[in-house]
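2 protein chains.
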Amino acid sequence: MQKYNILVGQSGGPTAVINCSLYGVIKESLDSDVIDKVYGMKNGIEGFLRGEIMDLGEFFSDPDKLELLKQTPSAFLGSCRYKLPPIDETEIYEEMFEKFEEYGIGAFLYIGGNDSMDTAGKLSAYAKRHGSHIRFLGVPKTIDNDLVGTDHTPGYGSAAKYIASTIRDISIDAGTYDIKSVTIVEIMGRHAGWLCAASALARNKHVHNPMLIYLPETPFHFERFVSDVKEALKKENNVVVCVSEGIRDSEHRLICEYSGKAEVDSFGHKKLTGAAKLLEEAVMNGIPGVKCRSIEFSLLQRSSSVLASGRDKEEAEQVGRFAVRSVIAGESHQMVCMERAEGDEYKIDYVLKDVAEIGNKEKMIPSWWITKNGTDVTDEFIDYVRPLIEGECDIRFSDGMPEYVYRD
Amino acid sequence: MQKYNILVGQSGGPTAVINCSLYGVIKESLDSDVIDKVYGMKNGIEGFLRGEIMDLGEFFSDPDKLELLKQTPSAFLGSCRYKLPPIDETEIYEEMFEKFEEYGIGAFLYIGGNDSMDTAGKLSAYAKRHGSHIRFLGVPKTIDNDLVGTDHTPGYGSAAKYIASTIRDISIDAGTYDIKSVTIVEIMGRHAGWLCAASALARNKHVHNPMLIYLPETPFHFERFVSDVKEALKKENNVVVCVSEGIRDSEHRLICEYSGKAEVDSFGHKKLTGAAKLLEEAVMNGIPGVKCRSIEFSLLQRSSSVLASGRDKEEAEQVGRFAVRSVIAGESHQMVCMERAEGDEYKIDYVLKDVAEIGNKEKMIPSWWITKNGTDVTDEFIDYVRPLIEGECDIRFSDGMPEYVYRD
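These protein sequences, in sequence, are chains A and B.
Going by my numbering, the letters in the first sequence line up with residues 2 to 409, in that order.
Going by my numbering, the letters in the second sequence line up with residues 2 to 409, in that order.
Hints listed in this document are in silico derivations from the structure and should not be mistaken for laboratory results.
Everything numeric in this text was worked out from a predicted model, so none of it was measured.
Heads up, some of the hints might be wrong.
Because identical chains share one entry, a pair is satisfied inside a single copy or across any pair of copies.
Here are the simulated lysine-lysine pairs, BS3-like style, with alpha carbons at most 25 Å apart [what the hints assert, rightly or not]:
id, residue 1, residue 2
1, K206, K66
2, K181, K84
3, K100, K235
4, K84, K292
5, K364, K236
6, K354, K236
7, K123, K354
8, K362, K100
9, K278, K292
10, K4, K181
11, K364, K206
12, K100, K123
13, K66, K362
14, K348, K181
15, K84, K129
16, K235, K292
17, K236, K348
18, K66, K364
19, K129, K362
20, K66, K348
21, K123, K278
All chains should be built: construct the whole structure from the sequences, respecting the hints.
Put into structure tokens, the structure is as follows:
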């Protein structure tokens, strides 16, 4: 049997566990007798087009170094936000497939979110049309949890764990003074509120925050918001409010755009910032005398190695391993999906689904997981999300800080 | 020998280890044969004046619960920012000392920063003047590290560890795309730059950020800042800049006041926010085409249990224990200070210093620990701060989150 090489890339926004999927790909490939080399593209297909690739088997010849990859946050290979043109514009595809031949690539794995699945789908459609032997598979990754076809996405559980733990810490900290206070925390999520919804896990018998949760799935009204906060302050001195960055009004206008500052990235996504700040102003104007502050989690929610979820890390590795086993079995044009088994015990099955059905789509929180008043999530959502944050990580430290592995 | 009761309070801003000092006080008191009860004031002297106290020996009769206190961030007893009047205004003091008698208090310990030492100093001066037998001792606590008379303050090491680790994570995350980017991180510190300076620990052979560090100790110039960032971008694609919230111009005007929004708390301290946002705007205007974002660490830098420093926790406990031993030995009107032994090996001695010499003063970073260009710290500072972040904590989790103990 002729051996072939595998090419793997990471794309889109980083997560705390995207490198666990890379670890899974490398480990499973090195253990296989049909795969020769595992090449990594630096900065996704953008770097690949510039010929920037690395031999991962060689780089990680020290097993200890490879283990460190599992606790290293952000995309080890670097990432990109590069959108391929339609496959009728053949020039760039010809260039890529020539390069694939040059490096003896038999399979291409792309670890990423919706945009990356768009890339994997186009490459695979082009391969089909032109009779290429190369197999293309998508490996899911996004803190946003908005990929269709999968119970959840690797990366989400760790971000959810960071958010829940940190909201609990904020609630305890903000409650230290015996005064009325409102703390508004802005959480990532352009269109889907999965991350913000996970803040509900912060609650326990003693911590009642977040008292209010605002998601992009429910239209936002400033006046109703101020009155919600007033009501919450009647019950608790210390009110923590969680909002998705992508909350919008009933005309679908983003709240953060009220400040007139939203920018746009190369996929046409708006760069969102400032919803919490605007809400802070609304509280200060609408409820005089109350201490109010806003906090944005920003990059911190996707890059914490110490608050990564053990289960999320394990699953991220497994989707990488499953992807390698699948291409070896001859699969292509698919994404690895996770299916949750029915019943009380949490169990995941790994399956494949057509990647073209996944790219460029977004999964929202279903309406029955949001309370009628639109400011909280239901117990069913809690049952869904709680298992995803379970399991701690034994992190290796050096010089007082978590130890990571670096590309250069 | 007649037994007496001890009264302990926490005051000022919370830290990740302020409860370790409380733990030390409780443990040492319960182990002593001259102390009967350990009373905790809820929300400092403000709550005490309302009669809100709790019997800590009774509350923590379960040793397991007491152990959890050590990993619980924020002030377990609650805090206040209550400034006592001069001791000539006797009314409030009479009220307090009556209450002390009522509860059989023989010693009063106040865990806090400069303002709290002002409180301890006034009570102790009043006691001296009026011949009271009650002993008053200050137990240092502040993430700001700005107390005079002590090598460093409990709370600082943990915040420094959070800042260093998180800046490293941010640098790795921000470097994931192959584009020029500037990330500006705002770190606590009104007058002294100790916390922001600790960000230098984020650097290693692979991580060169923060490329620039701006401290309140050095006057800030917008034009010089933009030109510093331009220079940094020539060396690195991914530039992380750390700024103290309290940076000010050569006329001592706070940079964050340029936005005209600073508020004032009851000690007359300005509530600072927004310096990083203003610097972000300066970069976007001055260096077009560069991706720029700003991040405020806000409460997160003082409330992370998982990134607390093991050494800081241990020292925080020891200052609490030493305070109890000192009042038992008859000491009063002092604050527990830490003295670092000379030599290569890190070692701390606990000593007492006159509390009146400490309250209302602030220790700045000495000029010889700041580089000549004012945008970095020296190796001597690194040698000073590195030992403080060492040591990891074995945190108990439940349901996927750190487990804490709550007052109610």
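Find the hints from earlier in the document that the structure breaks and name them by number, from lowest to highest. When the structure is compared with the hints, numbers 3, 5, 6, 8, 10, 11, 13, 14, 17, 18, 20 and 21 turn out to be violated.
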